[in-house]
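2 protein chains.
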Amino acid sequence: MSVTRIVVDAMGGDNAPGEIIKGALEALPLYPDAHIILSGRREAVEAGLSGKSFPSDRLEILDAPEVIETGEPPVKAVRTKKESSLVKGLMMVRGGEADAFITAGSSGATLVGGQIIVGRIRGIERPPFAPIIPTATGPALLIDCGANVDARASHLVQFAQMGSIYMENVVGIRRPRVALLNIGAEEEKGNALIKETMPLLRELTNINFIGNIEARDIPAGGADVVVSDAFAGNIALKMYEGVAATLLSEIKKGMTSTLRAKIGALLVKPALKETLKSFDASAYGGAPMLGLTGLVVKTHGNAKANEIRNAVGQCIEWKDKAINDRFVEEMGLKK
Amino acid sequence: MSVTRIVVDAMGGDNAPGEIIKGALEALPLYPDAHIILSGRREAVEAGLSGKSFPSDRLEILDAPEVIETGEPPVKAVRTKKESSLVKGLMMVRGGEADAFITAGSSGATLVGGQIIVGRIRGIERPPFAPIIPTATGPALLIDCGANVDARASHLVQFAQMGSIYMENVVGIRRPRVALLNIGAEEEKGNALIKETMPLLRELTNINFIGNIEARDIPAGGADVVVSDAFAGNIALKMYEGVAATLLSEIKKGMTSTLRAKIGALLVKPALKETLKSFDASAYGGAPMLGLTGLVVKTHGNAKANEIRNAVGQCIEWKDKAINDRFVEEMGLKK
Numbered sequence: 001m002s003v004t005r006i007v008v009d010a011m012g013g014d015n016a017p018g019e020i021i022k023g024a025l026e027a028l029p030l031y032p033d034a035h036i037i038l039s040g041r042r043e044a045v046e047a048g049l050s051g052k053s054f055p056s057d058r059l060e061i062l063d064a065p066e067v068i069e070t071g072e073p074p075v076k077a078v079r080t081k082k083e084s085s086l087v088k089g090l091m092m093v094r095g096g097e098a099d100a101f102i103t104a105g106s107s108g109a110t111l112v113g114g115q116i117i118v119g120r121i122r123g124i125e126r127p128p129f130a131p132i133i134p135t136a137t138g139p140a141l142l143i144d145c146g147a148n149v150d151a152r153a154s155h156l157v158q159f160a161q162m163g164s165i166y167m168e169n170v171v172g173i174r175r176p177r178v179a180l181l182n183i184g185a186e187e188e189k190g191n192a193l194i195k196e197t198m199p200l201l202r203e204l205t206n207i208n209f210i211g212n213i214e215a216r217d218i219p220a221g222g223a224d225v226v227v228s229d230a231f232a233g234n235i236a237l238k239m240y241e242g243v244a245a246t247l248l249s250e251i252k253k254g255m256t257s258t259l260r261a262k263i264g265a266l267l268v269k270p271a272l273k274e275t276l277k278s279f280d281a282s283a284y285g286g287a288p289m290l291g292l293t294g295l296v297v298k299t300h301g302n303a304k305a306n307e308i309r310n311a312v313g314q315c316i317e318w319k320d321k322a323i324n325d326r327f328v329e330e331m332g333l334k335k
Numbered sequence: 001m002s003v004t005r006i007v008v009d010a011m012g013g014d015n016a017p018g019e020i021i022k023g024a025l026e027a028l029p030l031y032p033d034a035h036i037i038l039s040g041r042r043e044a045v046e047a048g049l050s051g052k053s054f055p056s057d058r059l060e061i062l063d064a065p066e067v068i069e070t071g072e073p074p075v076k077a078v079r080t081k082k083e084s085s086l087v088k089g090l091m092m093v094r095g096g097e098a099d100a101f102i103t104a105g106s107s108g109a110t111l112v113g114g115q116i117i118v119g120r121i122r123g124i125e126r127p128p129f130a131p132i133i134p135t136a137t138g139p140a141l142l143i144d145c146g147a148n149v150d151a152r153a154s155h156l157v158q159f160a161q162m163g164s165i166y167m168e169n170v171v172g173i174r175r176p177r178v179a180l181l182n183i184g185a186e187e188e189k190g191n192a193l194i195k196e197t198m199p200l201l202r203e204l205t206n207i208n209f210i211g212n213i214e215a216r217d218i219p220a221g222g223a224d225v226v227v228s229d230a231f232a233g234n235i236a237l238k239m240y241e242g243v244a245a246t247l248l249s250e251i252k253k254g255m256t257s258t259l260r261a262k263i264g265a266l267l268v269k270p271a272l273k274e275t276l277k278s279f280d281a282s283a284y285g286g287a288p289m290l291g292l293t294g295l296v297v298k299t300h301g302n303a304k305a306n307e308i309r310n311a312v313g314q315c316i317e318w319k320d321k322a323i324n325d326r327f328v329e330e331m332g333l334k335k
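The listed protein sequences derive, respectively, from chains A and B. Mapping of the first sequence onto the working numbering: position 22 corresponds to residue 22, and the numbering continues sequentially without gaps. Mapping of the second sequence onto the working numbering: position 162 corresponds to residue 162, and the numbering continues sequentially without gaps.
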C-alpha cells in the first residue's frame, strides 16, 4: 500500500485546533501509511503539538495565516482568503501534492472550494456531497446533500453509481441497495425529475437498484445508498438531525424531571448509551464530496478527535481502493 | 353557533370500524353542535353502535357497501367504487349536505377524492394537504404534503396564506410565524422555485412571514407554518415520522436490554410519558386538506378514538370560524 497524503484543516470547526490536532495524532500510529499535513496558523498548530510525541517524518505543518469562519459567504471567502487553511489545503490536493483534505469548518466554503479549487474528474457532471447517516441496521449514504440544487436526471444517475462504489469499497457494504428518494413506493409517484430518472436507474447493470424509497423508511435501514437531488437530500438530512436532536433533548428533560425519573435514568443510562452508540455517524469519518480529482471530507462542525481520526482512515481506504479509478472504469468515463 | 354536519368514514384505517365509531360517539356529547354521519357498511356500523347510547337525532348512518382499501390505486378506486364509504361521504360534502369529511383510510384516495369529488374553492389553484407535526414548542403545520408535486410559486403563496389563516383560527396560534422550507437560512439559497417564491411571500401583508427555515429547525419549533411544495414537504414529514419511530424503538430496546435497565425504565416511564405527550399530534385532530369547498380531514391510518374525536372538534372549529369565507376575503379571491 502506498502512502496517502492528507491535509487536515487544523482551524476548522467548533473544537479547533485542539480536537483536530488530537485526532490527527491519534491517526498516525493507527494508519502507518498516513502522511498528515496540518494546515493552519503555524503558532497555533505548533502550540497544539508541543509536548506531544509523534512520527515527525509523517506529520508536517502547512502554514496558513488566514481562517475562513463558518458564517462567511462561501464564494467570497474562497476567492479572497487565499492564505486560509482551507484554500491552501485544497490547493495541495489540486496540485497533486496531497490526496485528500479533511475539514470540520464551513460546509459552504468546503463545497465551493472543492468544486472550484480541486475540480471534477473528467466526465463527472456534478460532484455530490454525501453524508452518512446511521440507521437501525447500519450506515446509509445520502447522495446528494450539497449546494447544487435543480439537478438533472443524468446527475442522479452518476450519484447512484458513485454512491454505490463508495459504500461497497470504503464502507464495506456488499452490493449496496441503491434507492431513489421519493414520496411513495409506487412506480408512478414523484416529480418530473424522479419520473425521468427512474427508468435510467433501472437500466444500470452496475448497481443493485431497489426502486423508490420513502423518507420514512430510511431511518429503519431501507437502503444503503439514497439517491436524491441536493434540495430534497438536504431536507431529509436536516430533518433527520433535527428530530434526533429534539427528541433526545426532550427525553433527557423527561428523565430529569422528577427524583424518581432521575434514579431510573442512572440505571438506564449504560444500556441506553450502548444502544444509541450504533446511531453515532462519527465511526464512518466525515461526509465525502465525491467526483473530484482528490477526496474532500467534511466532518461535523462539532467533530471531536475520534471523528477526525476516523476521517483519516476513510481517506486511506478511499486511496487504497482507488475509488476514483473505479469511478472512471465502472462508470465508463473517458480517461 | 350553527350545526356542523360531519361525515365520518367508519370503514377507513387500521382500527375501523371499532375505534372510529367509538371516537364519533365520544365526540357527540363534547360537541353539541355536531351532527355525525357514519358512512360504511350498514351492518358493520349498526353492530358497532349496538348497545351504545347516543343522541340518535345527531347520529345517522350512510349506507356504503363498498370499501376502498389502502393499497388500491387511488384514481381508479375513486372512479370505480361509487358505493364506497369514502366516495359516498365526499359526495355529501360536494352536494352541501355535509360540511366536512373525516377518514383514517387511504391517503391517496382521500387526496384524489377531495380534489375531484369535493372540488376547489374558486380561485384556489391547488388544495394543499397540511398535516400538523408536534415540535418542542407546539404544533407546526407542514403545508403542502399532498400528491401534487412540481408546484409553482403562486401555489406556495396561497399555501402560506391558507396555512396562516388555519393555524390562527382553528389551532389558535396568534400571528403564526410562516416560513419557507429551504436548505439554508440565507436569502440567496434554494432551488429555482424557492427563489421565485421568496420575494412574493415578502410582499404579503396578511401573514407574519419570517423567511427561510431549515428542516433542522422545524422540530425545535422554529415556525408555526412551514410552506413547501408537496415533494419536499412529504420528505420532511416522512423523515420526521421515520426518525421518531426508529429512535423511540431503539430507546425502548436499550431500556429492556439488561435487568438494571429494565428497573430503571420502570422508574423513568411516568415522567417520560408526560414529556413525550407534547409530541402527540392527535390532539390537533387530523391533517386538513384545505382550499376545497368543504373540509376534508385525514387522520393517521392507525388513529384511535381520541384522534377521531378531536378531528370532529377540528371540523366544528373550521366551520364556526368560517375558514373558507376568510380564505376568500383575506386572499382576495373572487366570489
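No wet-lab data here; the hints were simulated from the structure. Idealized CB from N, CA, C, for every residue including glycine. Heads up, a few of these hints could be off.
[Said to hold, decoys possible] Going by beta-carbon spacing under 8 Å, a handful of chain B positions derived as facing chain A:
{"id": "1", "residue": "P32"}
{"id": "2", "residue": "H35"}
{"id": "3", "residue": "L333"}
[Unchecked claim] Heads up, simulated BS3-like pairs for lysine-lysine below, C-alpha to C-alpha not over 25 Å straight-line:
{"id": "4", "chain 1": "B", "residue 1": "K321", "chain 2": "B", "residue 2": "K335"}
{"id": "5", "chain 1": "B", "residue 1": "K252", "chain 2": "A", "residue 2": "K273"}
{"id": "6", "chain 1": "A", "residue 1": "K277", "chain 2": "B", "residue 2": "K253"}
{"id": "7", "chain 1": "B", "residue 1": "K304", "chain 2": "B", "residue 2": "K22"}
{"id": "8", "chain 1": "A", "residue 1": "K273", "chain 2": "B", "residue 2": "K335"}
{"id": "9", "chain 1": "B", "residue 1": "K304", "chain 2": "B", "residue 2": "K252"}
{"id": "10", "chain 1": "B", "residue 1": "K277", "chain 2": "A", "residue 2": "K252"}
{"id": "11", "chain 1": "B", "residue 1": "K269", "chain 2": "B", "residue 2": "K253"}
{"id": "12", "chain 1": "A", "residue 1": "K321", "chain 2": "A", "residue 2": "K334"}
{"id": "13", "chain 1": "B", "residue 1": "K22", "chain 2": "A", "residue 2": "K253"}
{"id": "14", "chain 1": "A", "residue 1": "K262", "chain 2": "B", "residue 2": "K321"}
{"id": "15", "chain 1": "A", "residue 1": "K321", "chain 2": "A", "residue 2": "K269"}
{"id": "16", "chain 1": "A", "residue 1": "K262", "chain 2": "B", "residue 2": "K253"}
{"id": "17", "chain 1": "B", "residue 1": "K321", "chain 2": "A", "residue 2": "K252"}
{"id": "18", "chain 1": "A", "residue 1": "K52", "chain 2": "A", "residue 2": "K76"}
{"id": "19", "chain 1": "A", "residue 1": "K189", "chain 2": "B", "residue 2": "K262"}
{"id": "20", "chain 1": "B", "residue 1": "K82", "chain 2": "B", "residue 2": "K52"}
{"id": "21", "chain 1": "B", "residue 1": "K277", "chain 2": "B", "residue 2": "K262"}
Do the hints match the structure? See the list:
no.	hint	result
1	P32	violated, 36 Å
2	H35	violated, 35 Å
3	L333	violated, 27 Å
4	K321(B) x K335(B)	holds, 18 Å
5	K252(B) x K273(A)	holds, 12 Å
6	K277(A) x K253(B)	holds, 13 Å
7	K304(B) x K22(B)	holds, 9 Å
8	K273(A) x K335(B)	violated, 60 Å
9	K304(B) x K252(B)	holds, 22 Å
10	K277(B) x K252(A)	holds, 14 Å
11	K269(B) x K253(B)	holds, 14 Å
12	K321(A) x K334(A)	holds, 20 Å
13	K22(B) x K253(A)	violated, 34 Å
14	K262(A) x K321(B)	violated, 45 Å
15	K321(A) x K269(A)	violated, 39 Å
16	K262(A) x K253(B)	holds, 19 Å
17	K321(B) x K252(A)	violated, 39 Å
18	K52(A) x K76(A)	violated, 36 Å
19	K189(A) x K262(B)	violated, 44 Å
20	K82(B) x K52(B)	violated, 30 Å
21	K277(B) x K262(B)	holds, 21 Å
Of the numbered hints given earlier, the model fails hints 1, 2, 3, 8, 13, 14, 15, 17, 18, 19 and 20; all others are met.
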